[in-house]
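Those protein sequences? They're chains A, B and C, same order as listed. For the first sequence, this note's numbering assigns the number 1 to the initial residue and increments by one for each residue that follows. For the second sequence, this note's numbering assigns the number 313 to the initial residue and increments by one for each residue that follows. For the third sequence, this note's numbering assigns the number 761 to the initial residue and increments by one for each residue that follows.
Accuracy of the hints is not assured; some may be wrong.
Here's a subset of chain C near chain B, in silico, CB distances under 7 Å, partners left out [claimed, not checked]:
1. N821
2. S844
3. S878
4. Y920
From chain B, some residues computed to sit far from chain A (all C-beta separations above 12 Å) [to be verified]:
5. T411
6. E630
7. R682
Just so you know, these hints were derived from the structure itself, not from any lab. Here the structure is a predicted model, which is why all the values come from computation and not from measurement. Heads up, the beta-carbon is just placed ideally off N, CA and C, and yes, glycines get one too.
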Amino acid sequence: MSTETVTPAARPVQPPEPSTARPPGQGRAATGFLLPFGLLYLAFILGPAVYGLIMSFFDASLVRPGLGGFAGFGNYTEALQSADFWSSLWHTLWFTILTTPPLIVLAFVFALLADRVSRGRWFFRLAFFAPFILPSAVVALIWIFMYTPELGLLEVGLAKIGVTAPAWLGDPTWAMPSLAVTTIWWTLGFNFILYLAGLQEIPRDLYEASAIDGAGPWQQIRRITIPMLGRTTTLVAVLQVIASLKVFDQMYLMTTGGPDFATRSVLQYVYDQGFTNFRLGYAAAVSMLFFLVVLAVSAVWFTIVRRQEKEV
Amino acid sequence: MHVPRTPHAGLSRRRLLGGLAAAAGAGVLSGCSSDVLSGLTASREEAGTLAYWNLFGGGDGVRMQQMLDTYQRDHAQVALSATTLAWGNPYYTKLSLATIGDKPPDVAISHLTRMKNMVEAGLLQELDPAALARHGLAADRFTPRTWEAGLVDGRAYSIPLDTHPFVMFYNTDVCEKAGLLGADGALTPLDSPEAFTDAMRRAKQVTGAYGGVVASISETSTPWRIFQSLYSQLGGQVISDQGREVVIDDAKATEVLTFLRSLTSDGLFPAVADYQGSIAMFAEGQAGFYFQGEWEISTFQTAKTPFSMTLFPHLYREGPYAVQADSHTFVLPRHPDTSPERLDRALEFVASMLDQSRTWAEGGHVPSYRPFLESAEFRDLKPQSNYAAAAEAAAYDAEGWYSGSGSNFEIVTGSAIGAVIAGQSTPATAVGRMRSALRDLARTPSPI
Amino acid sequence: MAHSTLAAPEAETAQSRGVTQAKIDQRHRLFNRICLGVLIAFALLWLVPLAWAVDTALKPNAETTRTTWLIDDPTFAAFGRVLSDTPILNWFGASLITSTLTAVGTVVTASLAGFALSRMRFRYRNLVFWAILAGIMIPGQVLIVPQFREMDALGLLNTYWAVSLPQIPTAVAIFIFKQFFDGLPRDLEEAARIDGAGWFRIYRGVVMPLARPAVAAVAIFTFVTSWNELLWPLLVLTNPDLMTMPVGLATVQGAFGIRYADTMASTVLGAIPLVAVFLLFQRHIVQGIAGTGLKG
């Protein structure tokens, strides 16, 4: 890593001045260069976004052509009054609460430890990061097996130390924590790498100086490492929260949202309503509400980043 | 994002490795079937293929595989590709999406209670009576209940393979010691709630643990099945008018729920048992009776449990006998290729499956194909023939866009019922919970 | 990073140099050793699920119900069964094709657009820039409902195009390229321009050859993300012979039932391609993530 790391989203906001001496006629050339992206962007992002918004005001059905009858705000009011919608939002939030703190703290601790190790760092990178690169389906199949009642590794392992395991994925109370454990195992590597990079940005002479000053390792961590990693932590936290909001794979694969819908996330609610119950219009409305939530979270992120920028 | 600007040292080594990987990839690609590349061109599959989807796992899956092997042996010229998917909502979602995406399987299994919604949605092909007759699949070859329950506006869209009723498993050793077997070795009839409770009590004395067991937690279908069996015997209905009305009968529902709860509160049934746990208890002789669909027969045969099976008891005698059941049917999803050759190939396949009804019946299901059902061969098949009468008394889940096996309907009702059996909720609360959840579904305009 | 705020303590500390240097060094060494121990323990713990999957895949199915690491009779039979009973090679092919399409498409479109934003001056430049930036805010998952309808209307369901096309326009990739181009010296371009080269020749002949690190980062990251995508391909690919690896594994898991060795063998086979990619491009992937600020 060189030292010119860019802060999240801050740099692109100000387009740099194009150099002054340029031949004329750039408009046409620019159009040509932007066209391939622009067409795909219009066709597959903006277009569908507009179409989805329109659809959310109709009773569109997956198995009927066209938009169906006009519903006004009917789909929105139904969603806002639906206990299932709110509980899916809560499940998503609960999942975020269960996964984010461990994913930040553990990744930080592991990176901190790994940073102090001079040899064999590749091994730790492999151990922590390898799961992250696996498809969710592979991760889910492995962990379903780990959680299998009677013969799963976890139950048998815990029995050896005298602990009776709960019915991990089968118990509505334990299902979400079980999914959280799997998720932590799966995605910790990403944050680990981010923290490791952040740690390497901290100039070594700071440590040397403080060591000369008589600071012990613990004091160094508290006074130098944690403050210097503040920005990385913001980044990690925001990426984590946004990723958690979009959670779908783990639930769909490991519990199909059960037992008794106890782990159904917002995205799975959209999937269920739109593609299992054929209610495309309603699913589009829920998608829009979900989009608002993601926007709100992103807005908070921007505010925080802006403030940090000013402080520095 | 920061991009490292490193010199290209070592790139040649990586290029070599990358080249090797690319070569390996190309090798695999050339090794897969041409289907892979058809994903780029959206081309049709070649003639002579037959794609078949089913949802059979466990013992059913093994038997289905045997039947497919036989079919393949007799029809070597057909390239059969059979796919097994996880059952429940995901299966039906996939089947619907595949049909909408114009790449449906030629033949698929569907529960009878899920099939009608697909018909309404225009996803299934109507079956022409003449074509059916040509392959020996005319209406009179099937049991009336399964055939007629599958008709939509008098038209056929499905070919029934079986009926799979909720049944009673009993441990023959336990029942004998408890004095519950008659001179002929058959179970004495349990013809009232009192007789049932008494039998459970006597079985409990023999096992020292429980009289009977039914799955109550982490599982919604089983509680629904036992409730629906008893509630139907009382003549109760849950929804009507294509699911637009909720018509739960409070008195009848409360009576059934109170009865089910009394079994666990008296310690005759374990209050908390999940699907696997309930199997284990019966297999290990901790419970003398076990209530579940007949498909668990293979599990106990493998476990060498001394057991037999019979009809789920007729406890409420005010009405005719009824028991919760569903049927597996063959359906032909709407397909872009409407050639008669493809239709014949599909029906030929279905006929071959039905010809192997014996193999299928060994897995516990009651065959709906009369040439086999009415044969001496089936009559001698025990304990399967003990409960064959259930097929004609089948209480299918009521019609509605959100209803059917493994549907939202079963999840909503089954979880409320399970909570009562497990002692986590009272009958009155459960009825209220079912009603409000079902009303939400009933109020929603049908998307089909 | 903010060097300036920490300049002061550095100056103060000089005087206390060497007071109890030996003792402090010792303290640090002990601490590092404890760190190493804890870290190794956790790393091993992290590897347990993977090791368990491999271990189970090497057992005969009958042995998998005894929860033990020891295998009486190790066998590759489960791998053979998975290869013959499921179209897993097809899934591999489908994943390879869709991920390659997505990666190549992203690199081409994003580098072109990034180049225009970095080098050209044109009207509505800021507007274009903000429109693209706004695209980052729309999570793809929000669009599955209308996109599905669109693919249906285009007749692209059950094709790889349906999987790849919506994944190609990624605003993040444009910013990566733009930033990279912003940092490139302009002398070479000017020289080429004097030689009469047009924009496209400058892009192809001068800038892109220099942009290899950016290309590698975007391509590899897109490839891996696309390979692991589940929700969207799950919707648009329903023919088992056309499914990508994650969709295929997710769809037929029920079919294995309690044949745990087969299930685990399928996960190992499903993991191998990505583990290979990881080992080949570890540095790129890690550096790509480390530099990420806009991902997600």
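Each hint tested on the structure:
no., hint, verdict
1, N821, "12 Å, violated"
2, S844, "13 Å, violated"
3, S878, "13 Å, violated"
4, Y920, "5 Å, holds"
5, T411, "9 Å, violated"
6, E630, "33 Å, holds"
7, R682, "34 Å, holds"
Hint check: violations occur at hints 1, 2, 3 and 5; the rest are consistent with the structure.
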